[in-house]
Amino acid sequence: MAKTIDVSDLDIYYGSFKAVEDVTLTMASRSVTALIGPSGCGKSSFLRSLNRMHEVIPGARVEGKVIMDGRGLYDVDVDPVLVRRDIGMVFQRPNPFPTMSIADNVLAGKRLNGKRMNRAEAAEIVERALVSANLWNEVKDRLRKPGASLSGGQQQRLCIARALAVEPQVLLMDEPCSALDPISTTAIEDLIHTLKERYTIVIVTHNMQQAARVSDTTAFFNLAGAGRPGHLIESGSTPKIFSTPDNPATEAYISGRFG
Amino acid sequence: MWSTGTATQQTSQTGRRTVADPFFAGLTRAAATVILLALAGVAAFLCSEAWPAVTAPSDRIAGGDGLVAYLWPLVFGTLLAAALALAISAPLAIGVALFISHFAPRRLALLISYVVDLLAAVPSVVYGLWGIFYLAPKLSHIYSWLADHVGWLPLFAGPASVTGRTILTAGVVLAVMTLPVISALSREVFLQTPRLQEEAALALGATRWEMIRMAVLPQGRSGVVSATMLGLGRALGETMAVALVLSASGLVTFNLISTDNPSTIAANIALQFPEATGIQVNTLVASGLALFVITFVVNFAARGLVARSSKSEGS
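Protein chains in written order, with this note's numbering: chain A, 1 to 259; chain B, 1 to 315.
In short, the hints are calculated from the structure, not lab data. Computed from a prediction, not measured in an experiment: that's the story for all the values here. Some hints here could point you the wrong way.
[Stated by the list, open to error] Covered stretches of chain A (in silico footprint by chain B; criterion: 3 or more residues with CB under 8 Å from a CB of chain B, positions within the stretch not fixed): (1) 130–140; (2) 157–167.
[Stated by the list, open to error] With the Cβ distance kept under 10 Å, some of the chain A side facing chain B (calculated, not the full set): (3) Asn51; (4) Val78; (5) Asn113.
[Unchecked claim] To give an idea of the interface, some chain A residues facing chain B are shown, with a C-beta separation under 10 Å as derived from the structure: (6) Gly64; (7) Lys65; (8) Ile67; (9) Val81; (10) Arg84; (11) Ile87; (12) Gly88; (13) Leu112.
Positions of the beta carbon are idealized from the N, C-alpha and C atoms, including for glycine.
Whole structure, please, built from the sequences with the hints as guidance.
The following block contains the structure:
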């Protein structure tokens with residue numbers, strides 16, 4: 001299921017503004033890559049460029065290569081809609097569809113593929129995705145209730161279930177816990193641990209402890225100043241980045257001296 | 001120093017609030033009361049002036065068959081014209097609103113919204129003139145074609161009107177007039193779709209149209225219903241354009257293209273009032289009361305519909 005993503009020489013633009021410059025990074029399969037760095041350093045833009053969500057903002061574009069499974073995601077014959085079906089995404093704030101029930105939320109992506117499902121198939125997909133997202137036991141008796149009736153942490157796990165239901169190769173998470181309380185955060189982090197056995201996971205986080213807890217590889221982004229593009233400063237195995245980073249800026253950021 | 005400063009500021013704020021708050025509360029309450037009084041005043045006037053027509057013997061009402069027989073074709077015509085107008089304009093307006101909010105490049109979207117808003121500013125008498133002198137003659141050709149080819153449908157049974165001044169023409173004119181109201185409001189509703197919801201759909205691999213069906217339309221549904229109701233209000237009450245365009249004979253029929261057309265309440269009042277005296281005036285006021293009630297019922301029904309659908313969604 002899981003696939004490796006290779007990014008080389010990636011530049012990300014908003015109109016004429018270059019937000020991220022010259023990033024080369026490999027995100028290994030069946031592992032968690034954490035992207036850390038101060039606000040505005042381009043880590044979220046970088047994450048969104050991995051499933052071509054960056055370009056839904058008017059004027060936004062990228063230059064460079066993003067390769068998964070031997071294919072460039074930005075090749076001319078690649079449909080961004082299909083890329084997004086392979087590379088799921090979880091957002092900063094939980095965003096279940098408010099008019100849909102819990103079950104319908106999980107099935108939303110599956111229905112897009114236009115496949116007819118009978119009732120039993122649909123029920124099985126719902127159960128499997130919710131079990132994977134560690135939410136099944138909490139909601140199995142109220143699958144017909146609206147998704148918005150859940151707590152914030154449950155909603156975020158519902159969004160993860162929704163992303164998993166389409167059986168993606170890769171799961172991108174954009175600060176998935178920043179709107180959640182500590183208990184829900186722990187639940188999501190535990191979930192990330194189990195999910196990495198099956199998926200490639202890339203997570204953006206502002207929480208250094210979280211990066212240290214959940215990730216195998218850490219990539220530190222920084223920018224030279226406001227209005228300048230963000231760069232990838234350093235990447236490596238998480239224990240190394242957090243104990244003996246090569247770059248003094250990385251150490252300064254991790255030890256809390258700035259950012 | 002700093003903390004005492006804020007403390008005094010807070011006291012002075014609460015001090016001012018004790019005067020300002022009740023003042024503004026009273027002001028807003030007065031504004032709300034004026035609205036209710038105005039509505040009650042209109043209703044009272046309509047009822048008292050319509051009463052003589054209600055109690056009058058049936059042979060004194062125009063037509064000679066009593067008030068109900070007089071009002072029924074008018075009510076029917078009003079509802080038919082409004083229904084035709086909405087059947088044409090609502091889908092079109094929603095399409096225009098979606099195009100502006102989610103498909104058109106920004107500059108084109110601005111231009112189109114500007115033109116649509118302009119349509120709303122054109123006086124209804126101008127639409128009436130356009131209906132008579134341009135639209136009706138053009139449509140009459142289509143009507144004769146419809147009568148020849150799909151005449152087996154009761155709607156197009158014909159014989160087709162030569163002038164084209166039929167209830168369907170009135171419906172088309174009303175559609176053009178309600179289009180800007182519905183599309184302007186729907187556009188605003190669609191633009192308010194949370195970006196997060198749209199991105200949720202896109203990130204699942206939705207195409208633009210699938211994203212609209214998943215995120216934009218469900219969010220906007222109650223807003224679109226409200227917009228349509230406002231359009232319906234305009235279509236029900238529109239006077240001048242219908243009075244000019246429609247050549248009415250007062251018959252109750254679903255034949256949309258013949259020379260026999262029911263009139264609408266508003267147009268009928270405008271046309272009859274200058275020559276009405278005595279009980280005729282009371283009859284016209286009674287028809288006005290009927291329109292008042294119809295508008296009320298339609299609005300409440302729409303509100304009920306919106307409330308019920310949002311409750312079943314549980315949000």
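To see whether the hints hold, each was checked on the structure:
1. 130–140: That given contact is violated, which follows from only 0 residues of the segment 130–140 of chain A lying within Cβ reach (below 8 Å) of chain B.
2. 157–167: holds (count 4)
3. Asn51: holds, 7 Å
4. Val78: Valine 78 (chain A) check fails; min Cβ-Cβ to chain B is 13 Å, beyond 10 Å.
5. Asn113: It holds, given that the least Cβ distance between asparagine 113 (chain A) and chain B is near 8 Å, below 10 Å.
6. Gly64: Hint on glycine 64 (chain A): violated, closest Cβ of chain B at ~21 Å, above 10 Å.
7. Lys65: violated, 22 Å
8. Ile67: Hint violated; isoleucine 67 (chain A) Cβ to chain B Cβ min 20 Å, cut 10 Å.
9. Val81: Nearest chain B Cβ about 5 Å off; hint holds.
10. Arg84: holds, 4 Å
11. Ile87: Hint on isoleucine 87 (chain A): holds, closest Cβ of chain B at ~9 Å, below 10 Å.
12. Gly88: holds, 7 Å
13. Leu112: Leucine 112 (chain A) check passes; min Cβ-Cβ to chain B is 5 Å, inside 10 Å.
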